[in-house]
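Student: Listed here are the chains, written in short residue letters.
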Amino acid sequence: MPEPMGFFTDTTVCIGCKACEVACKEWNQLPAENGGIGELSGDSYDNTRKLDGIHWRHVRFIEQFKGPYDGRWLMMSDVCKHCVQAGCLEVCPTGAIIRTEFDTVVIQSDVCNGCRACIAACPFGVIDVNPVSGTAQKCTLCYDRLKVGLEPACSKACPTDSIQFGSIVELRTRAHKRVDQLKAQGVKAELYGADPEGALGGLNSFYLLVDEPEVYGLPRKPELPSSRLAKSATFSVASAAVLGVLALVGLRKRRMDEQSRGGGGGGSSNV
Amino acid sequence: MSDTFFTGAPHWTWFIIPYFFVGGLAGGAYFLAAALDWFGRPEDRPVVRTGYDVAAVGAILSGLLLTIDLGRPLRFWHMLFQSENFPAIMFKGWSPISFGAWAILLFGLFSVLSALGARAEEGRLQMPALRAVGGVVRGGVAKVVSGVGGLLGLFIAGYTGILLSVTNRPVWADSPWLGALFVASGASTGAAALILLAPARGASERTLAWLSSFDARALVVELLVLAAFIASLGSLNRVWVSFWGLLLLVGVVGFGILAPLRMHAKPAQAAKLVLLGGFLLRLATMLASEGIDRYRVAAGL
Chain A
1 MPEPMGFFTD TTVCIGCKAC EVACKEWNQL PAENGGIGEL SGDSYDNTRK LDGIHWRHVR
61 FIEQFKGPYD GRWLMMSDVC KHCVQAGCLE VCPTGAIIRT EFDTVVIQSD VCNGCRACIA
121 ACPFGVIDVN PVSGTAQKCT LCYDRLKVGL EPACSKACPT DSIQFGSIVE LRTRAHKRVD
181 QLKAQGVKAE LYGADPEGAL GGLNSFYLLV DEPEVYGLPR KPELPSSRLA KSATFSVASA
241 AVLGVLALVG LRKRRMDEQS RGGGGGGSSN V
Chain B
1001 MSDTFFTGAP HWTWFIIPYF FVGGLAGGAY FLAAALDWFG RPEDRPVVRT GYDVAAVGAI
1061 LSGLLLTIDL GRPLRFWHML FQSENFPAIM FKGWSPISFG AWAILLFGLF SVLSALGARA
1121 EEGRLQMPAL RAVGGVVRGG VAKVVSGVGG LLGLFIAGYT GILLSVTNRP VWADSPWLGA
1181 LFVASGASTG AAALILLAPA RGASERTLAW LSSFDARALV VELLVLAAFI ASLGSLNRVW
1241 VSFWGLLLLV GVVGFGILAP LRMHAKPAQA AKLVLLGGFL LRLATMLASE GIDRYRVAAG
1301 L
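Residue numbers (this note's numbering), protein chains in the order written: chain A, 1 to 271; chain B, 1001 to 1301.
Isolated chain A (complex conformation):
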């Protein structure tokens, strides 16, 4: 049995070259958007804007400028987090989303029927429909490459090793060392998703950040959708019970009114 594999993304060395985006698109044969007629965002060099069914990698450009000489660009190559407790896998009604032997999360396109429940369930906004297949798609962590002993296309292409691929245990050790190194240099660095005791049981694609998670478009406390099931179901049952009682009380009152008026309305029950 292979050990859990994943990505450690060190955002401090990302240079925003988008080689990972291109490598992902090429290897996975993802179609161009809008027939290849690109639409510029107009306010950033980030024209991909978000992860979706045809963009399984997205390099975020976060521009923090307080003045002409006081600012920085944060860059982060975003991808599916391959959560240890995955919301998408949890809700998928067709069984199309599976956990592989590498502890990664993969959507089987030949099983998915495009109901899109996984899109709403993902806490990170990673999944969307691929208009060509009509099914929900996202990063597979190059499952086909992993099966034959190759590393994923994105990390292979990354020229600065901002995206590092490997066994999760090894990556965590490396990530903690890097955080210590940065802190010693006076940089405020934190790991996001590296704690197996943390949210969603840890993320198999985790990050080193130098600002708050929200700045990078990441939720502070991602949750499983099922965490909301019990409360919502309880309130619904209560509402149904109230309406049931109202209906029955109304029918009883009607019968009593008829009896008090002299037994009009026929027998006590229908045939």
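Please keep in mind that the hints were generated in silico from the structure rather than gathered at the bench. Keep in mind it's a predicted model, so treat the numbers as computed, not measured. Do not rely on the hints blindly, as some may be mistaken.
With a straight-line Cα cutoff of 20 Å, these simulated SDA-like cross-link-like pairs (lysine to any residue) come out [what the hints assert, rightly or not]:
no. : chain 1 : residue 1 : chain 2 : residue 2
1   : A       : LYS253    : B       : SER1212
2   : B       : LYS1143   : A       : VAL245
3   : A       : LYS253    : B       : LYS1092
4   : B       : LYS1092   : A       : VAL245
5   : A       : LYS221    : B       : LEU1233
6   : B       : LYS1092   : A       : VAL106
Place chain B on chain A using the hints.
Tutor: Showing chain B alone in chain A's frame:
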């Protein structure tokens, strides 16, 4: 900012919104028909029969809307059976969309059986096969079918709200009250549909009066649950600083709840407004979240 703002919209729009409305209405109509079937009088039968018909048509329409909405409609059965291991069942008890798929199938089955039974009772079935099925759904069997179907009806009306809450999307996942709200709305719209359709089947004045009375109570429950829903959103209520907020306030609360409550003398007109309000409730709650990226900055979110 709520963590739900970092998620993507599932594009549940122009087939799913009508489905939520039709499914809720069908479930509510069946529940009321079953209540009258069990505890009513012979004079209530026209409403009972109308309720089963509304439920059967609504269930079939619901199945069609859900199938058309899929990215790959011909794979609709993947929700019921394991596609690579047929005929093994596909079911996840913790996933509302999974148990909802089975609930719709069963609700459709029960509502069609009840509708056939009711038509056999009237002698309106011509085809021998249908007449045979309808003939079985009589007496005790009919009671059992309507009892189970009535509970399924309430379930169908409410699970759609639970389905929205069991996501990570803004508004939907930020409140646990949507399921309860949709149950109440399903009951009120189901009663309204029966008020409008049952007179043509010979419904008595007393049955219609009971329906109107129940509808008014269901609307009060709906208003209270809507208030709880809004209160539970807290600071996220800025999401209603939009067209959808206006629709919720004027269309749902004004025209769909308060106006019908004041229109006792005109039950048919009140029922039409209840139906309008029920549809607008789904429209506002769905699109307030679906399209949130378009107006969240304007709303200060």
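Student: Tell me the numbers of any earlier hints that the structure contravenes, in ascending order.
Tutor: The structure conflicts with hints 3, 4, although it agrees with all the remaining ones.
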